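Listed in order, the protein sequences are those of chains A and B. The numbering used here puts the first residue of the first sequence at 1, with every later residue one more than the last. The numbering used here puts the first residue of the second sequence at 1, with every later residue one more than the last.
What the hints contain is simulated information worked out from the structure, not anything from laboratory work. Just so it is clear, the structure is predicted and the values come from calculations on it, not from any experiment. Don't be surprised by glycine CBs; every beta carbon is placed ideally from N, CA and C. One should not assume that every hint holds.
Chain B stretches covered by chain A per the calculated footprint, using a threshold of three residues with CB under 8 Å from any CB of chain A [stated by the list, open to error]:
id: 1; region: 38-47
id: 2; region: 185-195
id: 3; region: 219-227
id: 4; region: 232-243
id: 5; region: 363-374
Selected chain A positions facing chain B (in silico; Cβ < 8 Å) [what the hints assert, rightly or not]:
id: 6; residue: L46
id: 7; residue: K49
id: 8; residue: G53
id: 9; residue: G91
id: 10; residue: S249
id: 11; residue: V253
Straight-line Cα separation of at most 25 Å, DMTMM-like style, residue types lysine to aspartate or glutamate; simulated pairs [as the list claims (entries may be wrong)]:
id: 12; chain 1: B; residue 1: K363; chain 2: A; residue 2: D208
id: 13; chain 1: B; residue 1: K42; chain 2: A; residue 2: D112
id: 14; chain 1: B; residue 1: K42; chain 2: A; residue 2: D31
id: 15; chain 1: A; residue 1: K260; chain 2: B; residue 2: E290
id: 16; chain 1: B; residue 1: K264; chain 2: A; residue 2: E149
id: 17; chain 1: B; residue 1: K255; chain 2: A; residue 2: D112
id: 18; chain 1: A; residue 1: K255; chain 2: B; residue 2: E383
id: 19; chain 1: B; residue 1: K3; chain 2: A; residue 2: D86
id: 20; chain 1: B; residue 1: K140; chain 2: A; residue 2: E169
id: 21; chain 1: B; residue 1: K363; chain 2: A; residue 2: E246
id: 22; chain 1: A; residue 1: K255; chain 2: B; residue 2: E396
id: 23; chain 1: A; residue 1: K255; chain 2: B; residue 2: E390
id: 24; chain 1: B; residue 1: K264; chain 2: A; residue 2: D160
id: 25; chain 1: B; residue 1: K264; chain 2: A; residue 2: E158
id: 26; chain 1: B; residue 1: K140; chain 2: A; residue 2: D160
id: 27; chain 1: B; residue 1: K335; chain 2: B; residue 2: E297
id: 28; chain 1: B; residue 1: K363; chain 2: A; residue 2: E50
id: 29; chain 1: A; residue 1: K260; chain 2: B; residue 2: E297
id: 30; chain 1: B; residue 1: K288; chain 2: A; residue 2: E247
id: 31; chain 1: A; residue 1: K33; chain 2: B; residue 2: E315
id: 32; chain 1: A; residue 1: K260; chain 2: B; residue 2: E278
id: 33; chain 1: B; residue 1: K363; chain 2: A; residue 2: E239
id: 34; chain 1: A; residue 1: K33; chain 2: A; residue 2: E239
id: 35; chain 1: B; residue 1: K264; chain 2: A; residue 2: D181
id: 36; chain 1: B; residue 1: K268; chain 2: A; residue 2: D31
id: 37; chain 1: A; residue 1: K180; chain 2: B; residue 2: E290
id: 38; chain 1: B; residue 1: K140; chain 2: A; residue 2: E149
id: 39; chain 1: B; residue 1: K3; chain 2: A; residue 2: E210
id: 40; chain 1: B; residue 1: K3; chain 2: A; residue 2: D208
Read off the chains here:
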Amino acid sequence: MEILVCIKQVPGTSKIDVDPITGVLKRDGVDSKMNPYDLFALETALRLKEQHGGTIKVISMGPPQAKDVIREAYMMGVDEGALVSDRKFAGADVLATSYTISQGVRQLGSFDLILCGKQTTDGDTAQVGPEMAEYLGIPHIANVLNIIEVNDTSILVEMDMANTIEVAEINFPCLLTVEKDIFQPRLPSYKRKLSTKDREIKIISFKDFEDQNEHRYGLAGSPTQVERIFPPSANTDRETWTGTPEELSSQIVNKLRQFKFV
Amino acid sequence: MSKLICHQENLDESKIQELVAICPFGALEANNGTLEVTAGCKMCKLCVKKGPKGVMEFIEDAVPSVDKSLWKGIAVYVDHIEGEIHPVTLELIGKARELASVVNFPVYCIFIGCNIKDKAQELLHYGVDEVFVYDYEELKHFRIEPYTAAFADFIQKVKPSSLLVGATTIGRSLAPRVAARFRTGLTADCTTLEMKENTDLVQIRPAFGGNIMAQIICPNTRPQMATVRYKVMTAPEKQDEPSGKVTLCDLDPAKLASGINVLKVTRKEIEENISDAEVIIAVGRALKSEKDLKMIEELAQLLGAQIAGTRPLVEAGWLNAKRQIGLSGRTVKPKLIITLGISGAVQFTAGMNGSDQIFAINKDPQASIFNIAHYGIIGDIYEIVPQLIENLKRSETLACAR
């Protein structure tokens, strides 16, 4: 089985502030890590390979530093990796990102199964998986809780539908986004770190793509525009109470009584 | 194509340092006295606006824009499972009516399913002008290709200016697929929506996973799409008399084909759902050990509240993931929420700041939770909560004695 896993490098911390005067974003530290939800997609791929054979590739998009997450995937047991990277992709929103990655996927070969994590911790949109599936012209299922069975032409999965759990069979090729905890991700292995340290990471840039229309990438290919960023508004109707625990708790009870909660 | 240019000739060492420091994404790199823009650039243009004059320049190409006058109306996707309409749908109808009134647009619903014609009538009690129904056996279960096809058919026929979709399991899977097909923008999990006179939809959401809000527009493409979580908007009152009409739509049978076959649907056991709770006690990292949850449970019982919490508590395994409030958890809008030892990162507050009354107890007076709390109580939860439990018990006994 040919499996592709989509991974992303995200900031190591979500602590970010905006300077109220200059409007400049201040990110604390430059640490980055693999999007934690992607580890579940990687683990799913590794288990499928153990049972059914085949190869696992990973694809990521980002600046050259994002190679680090591909190295990490190698340490977990992934066979090949590619990074889609080009200044032309700068300023891409969800749509342009999805389109760019789908063009990159076409350069990597054909796949039976594409796996994504449920969302990223920096964007939190959960949109890239479904949008890529659309551009690749394949069906997708999101919120996959469990993989029940795999055969030559399809895969049987269990999906979370809020009030129900559905069992569905989906034909290859297809894309799945997997839930956190579908499988416990393994740790990167030091032995593999040594054995894969010289393994190539393919770089795919704009010139490699089939679609050479520059207007579909980066800022130009992004229908959404950020008009402004601002710190969340503080509620002005507020009171701050200080005092001893006794004073404070009777104040709370009085207020709750006033609102008829007690 | 729009691009960012660096006028290297106007650079000196101090300007390079300044620019490297300005870029929040680390996408400007010093390289032997020159400055390089790397693929990490997000085109935020801060280097142009805030950097030294004459170094960074943004050259913008005119972008072809759609004729906005051809796209009219605000459409709401009717979220449902086997005809059971999710309440987020009504909340979105309420918001759609507000937005529509600014530009004098009609409000539409698009309802895709099987045997749903009667259910469509119900929606006419909430101020919808027209409900477009795609009713086919093949649409009984949510399967991505036929649902996308029906949605796309609706967009082509009706040309709605804006589309609102609930950020439910189905909405989060369907909306991006539709957006990609029309190469248009989709903003996930909007917390505020406003309408401009020129029919551009102003979409506000928390961004970068941190303490920042982003105001987003989609000025050159139509339809404009947004997903909104349950309990963020307010549902309108049900009207006794229905208004508007239901229109049945045909779909080419070839478009109903799918590579997905739903074999079994199991109803989950009905469990407490924090999204429906009227009173919530939310706990954060100040909780020192799992056994201290006992004290929280006692308080919750006295107030008839459900217990919820922040991501770290869920990750520690102390709380079920279904009890997590925030961007990666649930959104709640209870009548009362009491947060205990929660600092108040946007990740969390985005999931609860619509609550009617917010009480926050935290010992750090600088905690950002106090920016959104209506009643900020500065103190240690280990001192206040036991006292509060005692007070509540006493007032209960008093009430019984009366």
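So, going through the hints one by one against the coordinates:
no.: 1; hint: 38-47; in the structure: holds (count 8)
no.: 2; hint: 185-195; in the structure: holds (count 5)
no.: 3; hint: 219-227; in the structure: holds (count 3)
no.: 4; hint: 232-243; in the structure: violated (count 0)
no.: 5; hint: 363-374; in the structure: holds (count 6)
no.: 6; hint: L46; in the structure: 22 Å, violated
no.: 7; hint: K49; in the structure: 22 Å, violated
no.: 8; hint: G53; in the structure: 23 Å, violated
no.: 9; hint: G91; in the structure: 3 Å, holds
no.: 10; hint: S249; in the structure: 4 Å, holds
no.: 11; hint: V253; in the structure: 5 Å, holds
no.: 12; hint: K363/B with D208/A; in the structure: 56 Å, violated
no.: 13; hint: K42/B with D112/A; in the structure: 32 Å, violated
no.: 14; hint: K42/B with D31/A; in the structure: 18 Å, holds
no.: 15; hint: K260/A with E290/B; in the structure: 31 Å, violated
no.: 16; hint: K264/B with E149/A; in the structure: 14 Å, holds
no.: 17; hint: K255/B with D112/A; in the structure: 23 Å, holds
no.: 18; hint: K255/A with E383/B; in the structure: 19 Å, holds
no.: 19; hint: K3/B with D86/A; in the structure: 13 Å, holds
no.: 20; hint: K140/B with E169/A; in the structure: 16 Å, holds
no.: 21; hint: K363/B with E246/A; in the structure: 15 Å, holds
no.: 22; hint: K255/A with E396/B; in the structure: 15 Å, holds
no.: 23; hint: K255/A with E390/B; in the structure: 16 Å, holds
no.: 24; hint: K264/B with D160/A; in the structure: 12 Å, holds
no.: 25; hint: K264/B with E158/A; in the structure: 9 Å, holds
no.: 26; hint: K140/B with D160/A; in the structure: 17 Å, holds
no.: 27; hint: K335/B with E297/B; in the structure: 19 Å, holds
no.: 28; hint: K363/B with E50/A; in the structure: 50 Å, violated
no.: 29; hint: K260/A with E297/B; in the structure: 21 Å, holds
no.: 30; hint: K288/B with E247/A; in the structure: 24 Å, holds
no.: 31; hint: K33/A with E315/B; in the structure: 17 Å, holds
no.: 32; hint: K260/A with E278/B; in the structure: 13 Å, holds
no.: 33; hint: K363/B with E239/A; in the structure: 15 Å, holds
no.: 34; hint: K33/A with E239/A; in the structure: 39 Å, violated
no.: 35; hint: K264/B with D181/A; in the structure: 22 Å, holds
no.: 36; hint: K268/B with D31/A; in the structure: 40 Å, violated
no.: 37; hint: K180/A with E290/B; in the structure: 22 Å, holds
no.: 38; hint: K140/B with E149/A; in the structure: 24 Å, holds
no.: 39; hint: K3/B with E210/A; in the structure: 22 Å, holds
no.: 40; hint: K3/B with D208/A; in the structure: 20 Å, holds
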